[in-house]
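Taken in sequence, the protein lines are chains L and B. In terms of my numbering, the first sequence has 3 at position 3, counting the first letter as 1, and numbering is strictly consecutive. Plus 1000 on top of the position in the second sequence (first one is 1) and you've got my numbering.
Keep in mind that the hints were calculated from the coordinates and are not lab data. Fair warning: there could be bad hints in the mix.
[To be verified] Have a look at the derived ranges for each label pair, beta carbon to beta carbon:
1. F32(L) x H1056(B): 55 to 63 Å
2. N1115(B) x Q188(L): 14 to 22 Å
3. Q188(L) x G1193(B): 50 to 58 Å
4. Q188(L) x V1109(B): 53 to 61 Å
5. A1037(B) x D81(L): 48 to 56 Å
6. G1142(B) x R173(L): 41 to 49 Å
Glycine residues also receive a C-beta, built at the ideal position from the N, C-alpha and C atoms.
There are 2 protein chains.
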Amino acid sequence: SEGLETPTRYLAALEAVQLELEAVEEEAARAFRRLRARFCLRRRPHLQRRNRLIQHIPGFWVTAFLNHPQLSAMISDRDEDALSYMTSLQVEEFGQSRPGCRIRFFFSVNPYFQNDVVAKEFVRGPSGHLVSHSTPIRWWQGQDPRSRPHKGPPAPRSFFAWFGDHSFPAGDRVAEIIKEELWPNPLQFYLLGEGAEGPPDR
Amino acid sequence: SEGLETPTRYLAALEAVQLELEAVEEEAARAFRRLRARFCLRRRPHLQRRNRLIQHIPGFWVTAFLNHPQLSAMISDRDEDALSYMTSLQVEEFGQSRPGCRIRFFFSVNPYFQNDVVAKEFVRGPSGHLVSHSTPIRWWQGQDPRSRPHKGPPAPRSFFAWFGDHSFPAGDRVAEIIKEELWPNPLQFYLLGEGAEGPPDR
């Protein structure tokens, strides 16, 4: 019976190891949560100041979007005008307990839609897949691009089509660019188009 | 000229804020790197002990794979036999400076291929996209499934087809399952099939 008991002994030892690992993981999760919270607080006053400064620069966000080599490809002429009313961007990462992020776009009163803020949000669904949601856009009468008669060649890719597209969140390259490139340093993209004028005074 | 200078002043202030944010991000990156290294060290002895224990349980990994509801769907009968020679799994996350991970599968001498370890690796390519690579499998003569005559209905999904598939790394659900579910607690999947026998002695 020694031979029969041995695998059970190994399994019991393995279970003990898993419990030890679990304790380490819980401690790690707490430590990372604390560190994230600490740096979230550290960033906040700078981000608030950045947000206030940007509001003084008309067309900052639409310019930064248009100057990004990949984002510009999905901004139609109509998008460009709608995005010229964008006043603020906010990217918020959720904690480790709920991985995901929310991208919020703030707008001033504009002739396209009624929302003053729209959000696209990415979270893990119950199956473990990344899923996305977005605020329904309340277009003004006749402004919904899907209901407008369309002439000429097929419509180019559009910012608002991306915004409402939830077909493949894990491969949402636009969200990734906004989160990883534009949000950390929007100024560099804003300035890209200003080459001829040189960098701002220091 | 006050009106002309104002945007430049805001841009200069914005640049100063970006530099401050950059300093915070560098400090954050250092702090997270330190914390990751600390917990990597904390986990190591437990993972080494787990690895040694698992080697004493024949067929541990193939059983854990087969008992995972989603992984089992991509294990053909031939895969099952090949995976019965798998002795060890290793999942290694790269640092933040080089996001990605490497999954290594260790095998004992077997009639299918010559490698004793094969790895599938995920890294960010220069364009920012996730790309994957894997070790070329040195099949023994006549064992490469791609060169074997195939009878009957289309081949089911296969572990080795997944291993060599680099068409869409960002959506590699199998890698995600191995990394996020199997690796943290393989024992729970190993035991799933043992329901009738009850949990191991404690």
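* Outcome of range test on Cβ distance (A1037(B), D81(L); 48 to 56 Å) -> Holds, since A1037(B) and D81(L) (Cβ atoms, about 49 Å apart) stay within the stated range.
* Asked: Does the Cβ distance between Q188(L) and V1109(B) fall inside 53 to 61 Å?
  -> holds (55 Å)
* To do: Just tell me: holds or violated, for the beta carbon distance of F32(L) and H1056(B) against 55 to 63 Å?
  => violated (33 Å)
* Asked: Should the hint that G1142(B) and R173(L) are 41 to 49 Å apart at their CB atoms be regarded as holding?
  -> Since the Cβ atoms of G1142(B) and R173(L) sit about 42 Å apart, the hinted range of 41 to 49 Å holds.
* To do: Go ahead and decide if the range 14 to 22 Å is satisfied by the Cβ distance of N1115(B) to Q188(L).
  => violated (45 Å)
* Q188(L) paired with G1193(B), Cβ distance criterion 50 to 58 Å -> With Cβ atoms ~54 Å apart, the hint holds.
Going through the hint list in order, the structure does not satisfy hints 1, 2.
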